Amino acid sequence: MNPYAALLINAALCGLVATILLFMSRILGRRRGSKVKYEIFETGNPPIGSLRGTRFPVKFYLTAILFIIFDIEVVFMYPWAVTYRELGWFGLAEMAAFMGILAVGLAYIWRVGALEWN
Amino acid sequence: MDRDVILFWVVAVLSVASALTAVLHRNPVYCALALVMALFQVALMFVALDAHLIALLQVIVYAGAIVVLFLFVIMLLNLEPDAPTRGRYGMHAATIMVAVVLGVEIATAVWISEPGSPFPAPFDLGSTRMVAQRLFTEHLLPFELTSVLLLVAMVGAVVMARRRV
Amino acid sequence: MDVIISFCTALVALLICLQVTVLLLWIERKGSALIQDRVGANRANLFGGLLPFNLGIVNTMMADPLKLLTKEDIVPAAADRFLHWLAPWVAVFPLFLTFAVVPFGDVIVVGGREINLQAVALSGGILFVLAMVSLGVYGVIVGGWASNSRYAFLGSVRGSAQMISYEIAMGLALVSVVLTFGTLDLQEIARVQGRLMWGVVPAWGVFYQPIAFVLLFIAGIAESKRAPFDLPEAESELVAGFQTEYSGSKMSMFMMSDFIEVAIVAALTTTLFFGGWQVPFLYRDGFHFPGGLTVAIPSLVVTLLQIVSFLVKVFVFCWIQILIRWSLPRLRYDQLMAFGWKKLLPVGLANVAASAVLGLLLEGWTGT
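Quick mapping for you: the protein sequence lines, in order, are chains A, B and C. Under our numbering, think of the first position of the first sequence as 1, with each following residue one higher. Under our numbering, think of the first position of the second sequence as 1, with each following residue one higher. Under our numbering, think of the first position of the third sequence as 1, with each following residue one higher.
Certain hints may be false.
[As the list claims (entries may be wrong)] From the structure, some residues in chain B lie toward chain C, with a derived Cβ separation under 7 Å: (1) L56; (2) V59; (3) G64; (4) L71; (5) T128; (6) L145; (7) T146; (8) L149.
[Said to hold, decoys possible] Quick list of simulated restraints, FRET-style, between CB atoms: (9) B/I106 <-> C/V316: 51 to 57 Å; (10) C/D2 <-> B/R162: 55 to 61 Å; (11) A/A5 <-> C/L358: 17 to 23 Å; (12) B/H25 <-> C/V201: 41 to 47 Å; (13) C/L358 <-> B/L149: 25 to 31 Å; (14) C/I211 <-> A/V104: 21 to 27 Å; (15) B/G103 <-> C/G112: 51 to 57 Å; (16) B/G103 <-> C/D334: 32 to 38 Å; (17) A/R111 <-> C/L11: 24 to 30 Å; (18) C/G40 <-> B/L149: 50 to 56 Å; (19) A/G88 <-> B/H25: 47 to 53 Å.
[Unchecked claim] Okay, derived cross-link-like pairs now, SDA-like style, lysine to any residue, Cα gap no bigger than 20 Å in a straight line: (20) C/K67 <-> A/L22; (21) C/K71 <-> A/V112; (22) C/K342 <-> A/G100; (23) A/K59 <-> B/R3; (24) C/K71 <-> A/T19; (25) C/K67 <-> A/I20; (26) C/K67 <-> A/I101; (27) C/K342 <-> A/V112; (28) C/K342 <-> A/V17; (29) A/K59 <-> B/V158; (30) C/K67 <-> C/D37; (31) C/K342 <-> B/L76; (32) C/K342 <-> A/L21; (33) C/K67 <-> A/F60; (34) A/K59 <-> C/D334; (35) A/K59 <-> C/L154; (36) C/K342 <-> B/V155; (37) C/K342 <-> A/L22.
Quick caveat, the hints were computed from the structure, so don't treat them as lab data. Small disclaimer: the values here were computed from a predicted structure and weren't measured. Glycine is no exception: its CB is placed at the ideal position from the N, C-alpha and C atoms.
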């Protein structure tokens with residue numbers, strides 16, 4: 001049987017169970033709202049300022065971009081890892097060049113301090 | 001009805017709907033999530049074309065990493081949901097024109113292209129092993145150039161991010 | 001017929017996932033109590049006194065979930081309704097699906113038919129696991145953003161940054177595993193570990209890739225945001241981090257996602273490094289001990305032994321994760337990120353390089 005058909009069946013089952021779980025409280029629980037319940041929790045004080053004004057450090061953006069780059073590198077390693085015995089030493093040299101260039105990049109961003117987090 | 005046809009239509013409707021949402025919705029977070037949905041549909045289409053490795057990579061890299069970056073940027077910039085604007089007439093006209101030209105190009109390409117090989121492709125045409133065998137022998141140069149490209153991206157990202165600090 | 005079989009295996013995989021999660025809740029509670037030299041929950045009973053003693057297990061497995069599910073579901077007025085509903089679903093769905101590719105047995109022979117005990121026999125199984133782990137980040141991001149609350153948002157951003165940082169280390173550990181076994185298919189990897197090294201020792205992955213095992217385990221714990229990496233949901237600091245504004249079944253879904261991830265890390269570790277469902281010296285027709293002793297066993301019993309072996313190993317690794325949680329102090333956020341990028345990532349890269357070189361030098365390594 002096509003594994004993707006099995007995947008579809010699985011996805012449907014998991015999605016169904018997750019949806020049922022999601023609505024359980026709605027079905028089983030009480031619905032008595034009061035104004036206080038619907039306020040955002042900020043340890044007793046009324047919420048100060050909206051979320052929209054919050055500053056968001058640039059570091060997170062940099063982390064996300066570096067993550068993408070290294071993710072792509074890792075993803076390139078998978079086809080090589082699967083056939084690496086057939087490719088032998090030549091394949092190893094190719095991959096060494098690939099990893100080497102990116103290792104240089106890692107060293108650079110390490111030195112520059114892009115991996116620092118205060 | 002043939003299963004492939006049903007699958008195609010479901011995927012097609014979902015991808016058009018999610019792509020339209022991604023482009024037209026006012027709230028940028030919703031747009032990003034619609035984009036994830038659209039990328040899923042693309043992955044499904046890859047599966048239908050027997051490109052198994054690319055389908056998984058589509059989810060891992062595109063839906064799992066790049067859109068995360070999009071979301072981070074949206075939250076970084078605190079993008080407000082767009083207030084409906086009239087828009088400068090010039091900009092809207094240019095957008096529509098580009099879209100029309102693109103549509104005509106794609107339609108023409110489909111019209112004049114010839115159907116693919118008459119021999120059915122083996123099931124594992126796009127499997128990891130097959131792709132690997134081609135990638136590291138015939139297409140070695142683009143592969144190595146990719147690493148240089150990634151290095152450039154790394155350095156560029158660091159330079160850009162540090163300028164604001 | 002195929003569809004029915006597939007549906008049954010899917011159901012079994014999902015049930016294993018759910019049962020392990022629920023049991024983990026109890027084990028964690030009682031286990032942490034034991035570790036901290038106290039008794040833990042032991043007050044609940046059935047029907048006001050059916051059993052002659054009170055049981056913590058009744059507390060955790062029946063009273064707690066029932067309580068959570070019947071609580072009022074509150075969506076804060078300032079929150080984004082659609083995203084508030086979506087986030088727990090998105091947090092839980094990829095985790096459920098991950099269990100679909102984990103093999104929990106070899107084959108079961110029923111009515112002359114061999115059924116592979118793996119819900120989805122994807123040949124790119126490891127990549128699928130990586131894909132699902134990548135999607136797990138959305139639960140955190142959307143959850144924090146939907147609440148439109150400062151604490152939740154901060155928690156979710158830090159949590160997602162942590163998750164993506166450790167995903168790379170996980171990916172690298174998995175690359176070394178693929179290097180050793182030469183395939184992405186989890187069932188194949190489990191099968192290959194049934195061979196014997198030097199005729200005596202089962203060829204489990206941990207003997208070939210010990211560093212990758214440690215790397216995957218640590219990265220997995222960090223990925224699921226469990227202690228010592230649980231600053232994003234540090235209960236004493238950010239209330240409940242990105243889960244602050246959730247109540248009732250939605251909150252229970254987020255809690256579940258924590259335990260499901262524990263189970264996933266354990267399941268991955270056993271499948272890749274400890275033979276999965278393999279019982280040493282057990283083959284499809286019975287035991288073949290190295291001394292020459294052979295014990296024939298009916299195939300259904302063999303399958304049963306294999307499933308039990310899988311579950312036992314999964315629980316061992318869950319227990320180890322629980323032990324780690326209650327023994328180690330929490331890492332500060334910058335220490336956490338530095339550990340992921342500056343320690344695990346280079347170690348992962350070095351491990352891949354070393355494995356590749358060693359593998360080519362010692363040609364007679366595992367190979368499929």
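Hint check:
1. L56: Nearest chain C Cβ about 4 Å off; hint holds.
2. V59: Given a least distance of 4 Å, the restraint on B/V59 holds.
3. G64: Since the shortest Cβ distance to chain C is 3 Å, the answer is holds.
4. L71: With a minimum Cβ separation of about 5 Å from chain C (threshold 7 Å), the hint on B/L71 holds.
5. T128: holds (6 Å)
6. L145: With Cβ-Cβ at 20 Å, over 7 Å, it is violated.
7. T146: violated (17 Å)
8. L149: violated (18 Å)
9. B/I106 <-> C/V316: 51 to 57 Å: holds (55 Å)
10. C/D2 <-> B/R162: 55 to 61 Å: holds (57 Å)
11. A/A5 <-> C/L358: 17 to 23 Å: About 40 Å separates the Cβ atoms of A/A5 and C/L358, which means 17 to 23 Å is violated.
12. B/H25 <-> C/V201: 41 to 47 Å: violated (58 Å)
13. C/L358 <-> B/L149: 25 to 31 Å: holds (30 Å)
14. C/I211 <-> A/V104: 21 to 27 Å: Holds, since C/I211 and A/V104 (Cβ atoms, about 23 Å apart) stay within the stated range.
15. B/G103 <-> C/G112: 51 to 57 Å: With a Cβ separation near 56 Å, B/G103 and C/G112 satisfy 51 to 57 Å, so the hint holds.
16. B/G103 <-> C/D334: 32 to 38 Å: violated (50 Å)
17. A/R111 <-> C/L11: 24 to 30 Å: At 53 Å between Cβs, range violated.
18. C/G40 <-> B/L149: 50 to 56 Å: holds (55 Å)
19. A/G88 <-> B/H25: 47 to 53 Å: holds (51 Å)
20. C/K67 <-> A/L22: The given pair, whose Cα atoms are some 15 Å apart, holds under the 20 Å limit.
21. C/K71 <-> A/V112: Roughly 50 Å between the alpha carbons, so the hint for C/K71 and A/V112 is violated.
22. C/K342 <-> A/G100: holds (17 Å)
23. A/K59 <-> B/R3: violated (47 Å)
24. C/K71 <-> A/T19: holds (17 Å)
25. C/K67 <-> A/I20: holds (17 Å)
26. C/K67 <-> A/I101: violated (55 Å)
27. C/K342 <-> A/V112: holds (13 Å)
28. C/K342 <-> A/V17: violated (40 Å)
29. A/K59 <-> B/V158: holds (10 Å)
30. C/K67 <-> C/D37: Violated. C/K67 to C/D37 sits at ~27 Å, over the 20 Å cutoff.
31. C/K342 <-> B/L76: violated (25 Å)
32. C/K342 <-> A/L21: The hint is violated at about 39 Å.
33. C/K67 <-> A/F60: Since the Cα atoms of C/K67 and A/F60 sit roughly 37 Å apart, the hinted pair is violated (cutoff 20 Å).
34. A/K59 <-> C/D334: Between A/K59 and C/D334 the Cα gap is close to 12 Å, so the pair holds against 20 Å.
35. A/K59 <-> C/L154: Holds - the C-alpha atoms of C/L154 and A/K59 are around 13 Å apart, at most 20 Å.
36. C/K342 <-> B/V155: At roughly 17 Å apart (the allowed maximum being 20 Å), B/V155 and C/K342 satisfy the hint.
37. C/K342 <-> A/L22: Given that 20 Å is the threshold and the Cα spacing comes to 39 Å, the pair is violated.
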